[in-house]
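Engineer: Single-letter residue listing:
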Amino acid sequence: MNLQAENVSWSVEAKQIVDAVTLAVAEGEFVGLLGPNGSGKSSLLRTIYRILRPDAGVIELDGANVWHIAPREVARQMAVVMQERTGDFDFSVNEIVMMGRNPHKGIFDRDTIHDFQLVDDALARVDMTDFAQRSFLTLSGGEKQRVLIARALVQQARILVLDEPTNHLDIHYQLEILELVKNLGVTTVAALHELNLAAFYCDRLYVLKAGRMVASGTPEAVLRPDLIRDVYDVWSEVSTHPLTGKLTITFFPEKVGHRLNGNNKGQII
Amino acid sequence: MSTLAPIQGNTASPSCTTQLRFWLLLGGLTALLLVSITLGVTLGPVDIPVGAVWRIAASETINVLSDITSLELNSWVNIEANWTKAQFNIIWLIRFPRVLIGVFVGAGLAVVGVTMQALVRNPLADPYILGISSGASVGAVMVLAFGAFAFAGIYAISVGAFLGAILTFLIVFLLAQSNGRLNPARLILAGVAVAYFFSGLTSFITLTSDNRELARAVLAWLLGSLAGTNWVELTLPTAVLFFGSVYLVLQARGLNALIVGDETAATLGVDLTRFRRSLFGVVSLVTGVMVAVSGAIGFIGLMIPHIVRLMVGTDHRRVLPVSIFVGSIFLILVDVIARTAFDPVELPVGVITSLLGGPFFLWLLHRQMKERGGM
Numbered sequence: 001m002n003l004q005a006e007n008v009s010w011s012v013e014a015k016q017i018v019d020a021v022t023l024a025v026a027e028g029e030f031v032g033l034l035g036p037n038g039s040g041k042s043s044l045l046r047t048i049y050r051i052l053r054p055d056a057g058v059i060e061l062d063g064a065n066v067w068h069i070a071p072r073e074v075a076r077q078m079a080v081v082m083q084e085r086t087g088d089f090d091f092s093v094n095e096i097v098m099m100g101r102n103p104h105k106g107i108f109d110r111d112t113i114h115d116f117q118l119v120d121d122a123l124a125r126v127d128m129t130d131f132a133q134r135s136f137l138t139l140s141g142g143e144k145q146r147v148l149i150a151r152a153l154v155q156q157a158r159i160l161v162l163d164e165p166t167n168h169l170d171i172h173y174q175l176e177i178l179e180l181v182k183n184l185g186v187t188t189v190a191a192l193h194e195l196n197l198a199a200f201y202c203d204r205l206y207v208l209k210a211g212r213m214v215a216s217g218t219p220e221a222v223l224r225p226d227l228i229r230d231v232y233d234v235w236s237e238v239s240t241h242p243l244t245g246k247l248t249i250t251f252f253p254e255k256v257g258h259r260l261n262g263n264n265k266g267q268i269i
Numbered sequence: 001m002s003t004l005a006p007i008q009g010n011t012a013s014p015s016c017t018t019q020l021r022f023w024l025l026l027g028g029l030t031a032l033l034l035v036s037i038t039l040g041v042t043l044g045p046v047d048i049p050v051g052a053v054w055r056i057a058a059s060e061t062i063n064v065l066s067d068i069t070s071l072e073l074n075s076w077v078n079i080e081a082n083w084t085k086a087q088f089n090i091i092w093l094i095r096f097p098r099v100l101i102g103v104f105v106g107a108g109l110a111v112v113g114v115t116m117q118a119l120v121r122n123p124l125a126d127p128y129i130l131g132i133s134s135g136a137s138v139g140a141v142m143v144l145a146f147g148a149f150a151f152a153g154i155y156a157i158s159v160g161a162f163l164g165a166i167l168t169f170l171i172v173f174l175l176a177q178s179n180g181r182l183n184p185a186r187l188i189l190a191g192v193a194v195a196y197f198f199s200g201l202t203s204f205i206t207l208t209s210d211n212r213e214l215a216r217a218v219l220a221w222l223l224g225s226l227a228g229t230n231w232v233e234l235t236l237p238t239a240v241l242f243f244g245s246v247y248l249v250l251q252a253r254g255l256n257a258l259i260v261g262d263e264t265a266a267t268l269g270v271d272l273t274r275f276r277r278s279l280f281g282v283v284s285l286v287t288g289v290m291v292a293v294s295g296a297i298g299f300i301g302l303m304i305p306h307i308v309r310l311m312v313g314t315d316h317r318r319v320l321p322v323s324i325f326v327g328s329i330f331l332i333l334v335d336v337i338a339r340t341a342f343d344p345v346e347l348p349v350g351v352i353t354s355l356l357g358g359p360f361f362l363w364l365l366h367r368q369m370k371e372r373g374g375m
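Residue numbers (my numbering), protein chains in the order written: chain B, 1 to 269; chain Z, 1 to 375.
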């Protein structure tokens, strides 16, 4: 399954939030979407999973415009994990995960043993089996996030859209969740905050700044100190870790950054 | 030996025990409903022997079935008519319709409350609090005062109430939007404001009307009462409750997703616009028809869903069926109290539900504010 966004724009009250963004995710790829808060990552993802209708441009799943596909069919192809609040109404963890079966169910269909097994498997994969009967509202932020990933797994979609899936998670679970998603081998696009994790797990990266796509390519091509300085306004040093062969980025506060190199471009000399 | 992996016991068992508990609960509630109906028909200013109640009901049911099927069922089952004409009139023509309308109105308002709370994702929603009942009342009073929708015959009041309900619901829903999102505090405030406006409008229409009888009829009806129902008036509420409940139970998965969040529902395949529209329609239709037959009985739609969620959780596949029973039982019993506790005065049932519902609302509000640290 591949996903294509072409020249997608979305604005609210004359403020351009997403500005002519083009993005492509090929079958089996893990693509990261980077950018500081307010850069339009979430809005772009929301146009992709059909919550926001773009003012211009198209989003296609395997060449078909998502707005021409029935919502149920889109939900069978694409699972979404977003920042979610259930508010005042409580469900058990089992019930929340079971909702992932909704797009596969007609109005007369009941939950089958197969469905319950999918739920159990998914909870086991995110290490939440012991929480199956617990109330969702009593979970910590990280536990909730793992449950929502279990729901996405149960949905058995062919593309996974994640909006900051590791927010609120301990570093242990940040690694575990991304490791899990990576090993699924499912086509994935994820908005990520943590640049080191993005560098480690993503095949390709897109970088947004003020709604515009400012860079794209492999982590090695994209994550350069000058770009990080430009987009995130911090100093950094980028090197290749001898063990993993992946990039590691070290950040410096303003005064240390100046002392290290005094070079406005942010490059370490 | 089979090579297939056996299904693990712990995989299927949680669902099985939950299912079993659910069906046991429904069985118990059915029994309780029958007891409540018997109580409702038996208790009153004139004492009626319990045995006569169900023998008359059985005998009349057989008569009706005989008429429909043109079979001589009467000759197969013989029920001795050992009741007086007066007893028959009180039981069959007065109390049974009254108790049954209590069943349908209680169930209908409970189901509407459940649906509205999911639709606006607010545990304080209820057709009475959000002004939908007041809107339905205006529609109904306009029919009584000006003879609007005369083409609908005996259903004119229901048509008026339905249109009033759906219009009010839309107004309140739109007023509660801020930045494209539904604001919980604004929803309640908009509902209260609209409810006051429409109550005022109802009074205005009633008091300026040339029809002197109207004022008395409307005032009695506005307080919410099950009195004076006959068998013919039962048909529309029965049909609307039946189709409305069946539709909503079939959409229970969608309601589950919707109560979690609009975006969640959408990413789980719910066509939000269409689903919301149809829920608006069903909620307004059921509310309108119930208000047309019984006036604005308050707080049933608020209290019952909460009581039921405490019993079975939030899954609408359980909440909706259980609410139907609990709503019916609750309203029948409250009506029994309204009729008998303050003898010789008979209170409108809406007075009692408001006396119970007001404090309940405040308790919910208090609990919600404690959890959130303010609305």
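It cannot be assumed that every hint is accurate.
What the hints assert, rightly or not - If we take Cβ atoms under 8 Å as the criterion, some of the chain Z residues that face chain B in the derived model are:
#: 1; residue: A227
#: 2; residue: G228
#: 3; residue: N230
#: 4; residue: L250
#: 5; residue: N256
#: 6; residue: E263
#: 7; residue: L310
#: 8; residue: T314
The hints are simulated quantities; they were obtained by calculation from the structure and are not laboratory data.
C-beta atoms are modelled at their ideal positions from N, C-alpha and C, and glycine is treated no differently.
Engineer: Can you give the numbers of the hints that this structure goes against, from lowest to highest?
Structural biologist: 1, 2, 3, 7
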